[in-house]
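J.: These protein sequences, in sequence, are chains Z and H.
Just so you know, we're using this note's numbering here: the first sequence kicks off at 913 and counts up by one.
Just so you know, we're using this note's numbering here: the second sequence kicks off at 913 and counts up by one.
Take the hints with a grain of salt, since some may be wrong.
Pairs involving identical chains hold if they fit within one copy or between any two copies, as the list cannot separate such chains.
Straight-line alpha carbon distances no greater than 35 Å define the calculated DSBU-like cross-link-like pairs of lysine-lysine that follow [unchecked claim]:
{"no.": "1", "residue 1": "Lys981", "residue 2": "Lys918"}
{"no.": "2", "residue 1": "Lys981", "residue 2": "Lys1008"}
{"no.": "3", "residue 1": "Lys918", "residue 2": "Lys985"}
{"no.": "4", "residue 1": "Lys981", "residue 2": "Lys917"}
What the hints contain is simulated information worked out from the structure, not anything from laboratory work.
Residue-level listing of the chains:
There are 2 protein chains.
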Amino acid sequence: MAIIKKINHVAVAVDDIESSLAFWRDALGLEMTELRDAPAEAAQIAFLPVGGSEIELVRPTTDDSGLAKYLAKRGPGMHHICLEVDDIAGMLAQLKARGVRLINESPRTGADGRQYAFVHPEAAGGVLVELYQI
Amino acid sequence: MAIIKKINHVAVAVDDIESSLAFWRDALGLEMTELRDAPAEAAQIAFLPVGGSEIELVRPTTDDSGLAKYLAKRGPGMHHICLEVDDIAGMLAQLKARGVRLINESPRTGADGRQYAFVHPEAAGGVLVELYQI
């Protein structure tokens, strides 16, 4: 059975990276280790490690991505939680066998080589859950 | 300067603990270590440790708590993120000095003896942030 290892990150949808950093970095004192453009995700992402996890501040760079639509509809706030798994293909099979609705039926590979897949929020009580295998 | 140590937990607002456990425990395979009634918070809480953090499934037990109102307005989903801090009084002073709006101006003590305080979501880009000192 595939195992969830930890919370990899919590992603926060933001309108503006700089004003968000005024809270997360300057007031709370977290360190921003990287500010990355992620064209494949139509987003700019600020990474702030905390413990063995990260806060990611994610700003959409187009108007038509899922993130942009979420932001327009719900406003800024927590967008998804990413759980790190030891075997993402095994976990997706395990979820499918239980009838859990998935956004990605099989793992996708990100620009950084990590495998990821999203569970549909309908299956997770309104929470958008990303799975990561590193 | 007070230091954020890690993500202590991510709290998920749920209508029904059992149906939520069908996903988080039975499908993902997380262990529920405790199911606790928290009368002071007008909630029932299921604790599911993951890595050094926890997923908490929180169900309101009255109609008039902040959580119940959140659930009625926004539907189920992620409710808040709790960050563990080494010195909560110091962190609150640090936040106040920067003009960060707080829900709790000074630390409160929970039933389990932990000190906690909430930052106002207006100050954190729509995210409800709890601070914990253990």
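J.: Indicate which option fits the pair Lys981, Lys1008 if close means a Cα-Cα distance not exceeding 35 Å: within, between, both or neither.
T.: both (27 Å within a copy, 33 Å between copies)
J.: Between copies, within a copy, both or neither: which fits Lys981 and Lys917 at Cα up to 35 Å?
T.: For Lys981 and Lys917, both the intra-copy (30 Å) and inter-copy (33 Å) Cα distances are at most 35 Å.
J.: For Lys981 vs Lys918, is the C-alpha pair at or below 35 Å within one copy, between two copies, both, or neither?
T.: The answer is both: 28 Å in one copy and 30 Å across copies each meet 35 Å.
J.: Checking an output row: Lys918 and Lys985, CA cutoff 35 Å. Within, between, both or neither?
T.: both (29 Å within a copy, 30 Å between copies)
Going down the numbered hints, you'll see the structure goes against none, and every one checks out.
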